[in-house]
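Student: Keeping the supplied structure of chain A fixed, place chain B upon it in accordance with the hints.
There are 2 protein chains.
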Amino acid sequence: MQATTLPAVLAPVISPFNAQGRIDVQKLLRQCHWLRSNDAGVAIFGTNSESNSISSIEKMDVLEKLIAGGLDPKITMPGTGACSVAETVFMTSSAVKAGCAGVLMLPPFYYKDVSDDGLFAYFAEVIEQVGDSRLQIYLYNIPPITKIPMGLELLERLITAYPNSIAGMKDTSGDWSYTEAVLKQFSSRGFRVFAGNEIFLLRTMRAGGYGCISSMVNIDPRRNAYLAAHWQDSNADQLQAELDQVRAALVKFPTVPTMKAVIAHFSKDPDWARVRPPLVSLTAEQKNQMALELENINFSISGL
Amino acid sequence: MQATTLPAVLAPVISPFNAQGRIDVQKLLRQCHWLRSNDAGVAIFGTNSESNSISSIEKMDVLEKLIAGGLDPKITMPGTGACSVAETVFMTSSAVKAGCAGVLMLPPFYYKDVSDDGLFAYFAEVIEQVGDSRLQIYLYNIPPITKIPMGLELLERLITAYPNSIAGMKDTSGDWSYTEAVLKQFSSRGFRVFAGNEIFLLRTMRAGGYGCISSMVNIDPRRNAYLAAHWQDSNADQLQAELDQVRAALVKFPTVPTMKAVIAHFSKDPDWARVRPPLVSLTAEQKNQMALELENINFSISGL
Chain A
6 MQATTLPAVL APVISPFNAQ GRIDVQKLLR QCHWLRSNDA GVAIFGTNSE SNSISSIEKM
66 DVLEKLIAGG LDPKITMPGT GACSVAETVF MTSSAVKAGC AGVLMLPPFY YKDVSDDGLF
126 AYFAEVIEQV GDSRLQIYLY NIPPITKIPM GLELLERLIT AYPNSIAGMK DTSGDWSYTE
186 AVLKQFSSRG FRVFAGNEIF LLRTMRAGGY GCISSMVNID PRRNAYLAAH WQDSNADQLQ
246 AELDQVRAAL VKFPTVPTMK AVIAHFSKDP DWARVRPPLV SLTAEQKNQM ALELENINFS
306 ISGL
Chain B
6 MQATTLPAVL APVISPFNAQ GRIDVQKLLR QCHWLRSNDA GVAIFGTNSE SNSISSIEKM
66 DVLEKLIAGG LDPKITMPGT GACSVAETVF MTSSAVKAGC AGVLMLPPFY YKDVSDDGLF
126 AYFAEVIEQV GDSRLQIYLY NIPPITKIPM GLELLERLIT AYPNSIAGMK DTSGDWSYTE
186 AVLKQFSSRG FRVFAGNEIF LLRTMRAGGY GCISSMVNID PRRNAYLAAH WQDSNADQLQ
246 AELDQVRAAL VKFPTVPTMK AVIAHFSKDP DWARVRPPLV SLTAEQKNQM ALELENINFS
306 ISGL
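Chains A and B, in that order, are what the protein sequence lines are.
Its first residue numbered 6, the first sequence is counted upward by one per residue in the numbering used here.
Its first residue numbered 6, the second sequence is counted upward by one per residue in the numbering used here.
In isolation and in its complexed conformation, chain A is listed as follows:
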């Protein structure tokens, strides 16, 4: 395993769209800077970024502009996984060449019931074709969406075959017994496990994990990063409970439109609420309810 410059907590950064539906690069850059100033790294082009609603070419164009505009690639982990080897290699190579500290890679997610042999062959082909010793892949396990769980045997094969390139994973299985098994089997070998949901952040840190990459980091970066840094403090359970309270306040709303609505609300910039189809923005009523829920727990965001 290689050393890393990645922060323990990263936001799967929501993507701002302008009136023409294009990514507003300057706004995205400001959001990345705000996240960094709140101790979080940036996992752009993740599920919360509506990554798969953005073409590969548009994503790589935006990445180039962000870095040219001052985004630090050392805290950046773009999502580069697509259904085809060719598109995954294109995006991954671009990210590695741009100096990104890692890439977040979905398994090919079209076919279902695929075999471990097929998944292994897929990642192997991507790694061979990228052919760059700087490559740091964080496998993205999100079976609630992909319907493709990445089992321990597959992880073992990948880590054994490519110990220099397979750097870790984001686990959004929602299944703590699975996460725990991954941590137990692989973290001592330098494999970095990010919880895909901050409700597992403290447990992940205590079991030898690296941090989290979670939707809520978009709106609550500092407290997530603080807990990841202070998980051994005596009040760690209390810190986790505070994070859990924010999630509980928002759990009844759809995740991505809600993260965008929260940022729109506190930045007083309604443009942030735009999503691309097939997602749908919150209704006015949902927005009001959301604001009320957050007011009830005294949650607010400043500095946007």
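Honestly, the hints are just simulated from the structure, not real lab data.
Among the clues, some could well be false.
Since copy identity is lost for identical chains, a pair holds within one copy or between any two.
Said to hold, decoys possible - Derived pair list, reagent style BS3-like, types lysine-lysine, alpha-carbon separation capped at 27 angstroms:
1) K292 with K117
2) K70 with K102
3) K102 with K117
4) K70 with K152
5) K152 with K189
6) K117 with K70
7) K257 with K79
8) K102 with K32
As the structure is a computational prediction, the values presented were derived from the model and not from experiment.
Tutor: Using the frame of chain A, we list chain B on its own:
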């Protein structure tokens, strides 16, 4: 609804890959000609074509070369659905400009539990952006893979809003009661329903459907096309039973690698067996079993 030049039966054409893993365009062209000479149209870039394992750019490059090489766009229905509006519009516009009689369009398949509002907005945006009166969309309902069932209310909204562009569907739900409901509600309005599996071909024709687009057409085009043309004949049930026998012989093997193995076997061209990951080719043992199963029912292919 517009008139169409599409045959009733189309093959979701398997994609031949060369030793470098690239599409062998000349071989694909010959296969398309063979299918046509056996009365089938060509739904290139479908699920059986490993469409999502091929980049959008490679697909459109291949389409251009196929048509330049003599493929008749009037019998061609390329798959052009991707997860993003941008990629779907790119491929759809290319296909329409090339004169293709229709396009087969998946719903955006990354997010799950998406709303009808979101799906409607997606297709509406694609149609508006393509902005071409020749556009003929065949919706591709394949919930076993996409996990996104397209309900009757969504179909009603789309057909009502875009009667000139929403031309029909390929239904691979595997749920005859759903197919029947679609046929009952929409076929009298000119909406063309293709069964996504030839086991439903006769039932589809009897209920007012148009034909089928099914993996098995790759290896048994003429008999599928014959049944679609002669479904009112007195021996139609017998013809259907003959198709069913071929499927039954192969049902225990994984579909796409098996279609390729069958063509490789009868064409004596082992290159046909290549697949792209995450799919995996049949093992030697599976290939032998497959050949034996087909021998047992006296199935063979000539003219390849």
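Student: Identify every previously stated hint that the structure contradicts and give their numbers, smallest first.
Tutor: 3, 4, 6, 7
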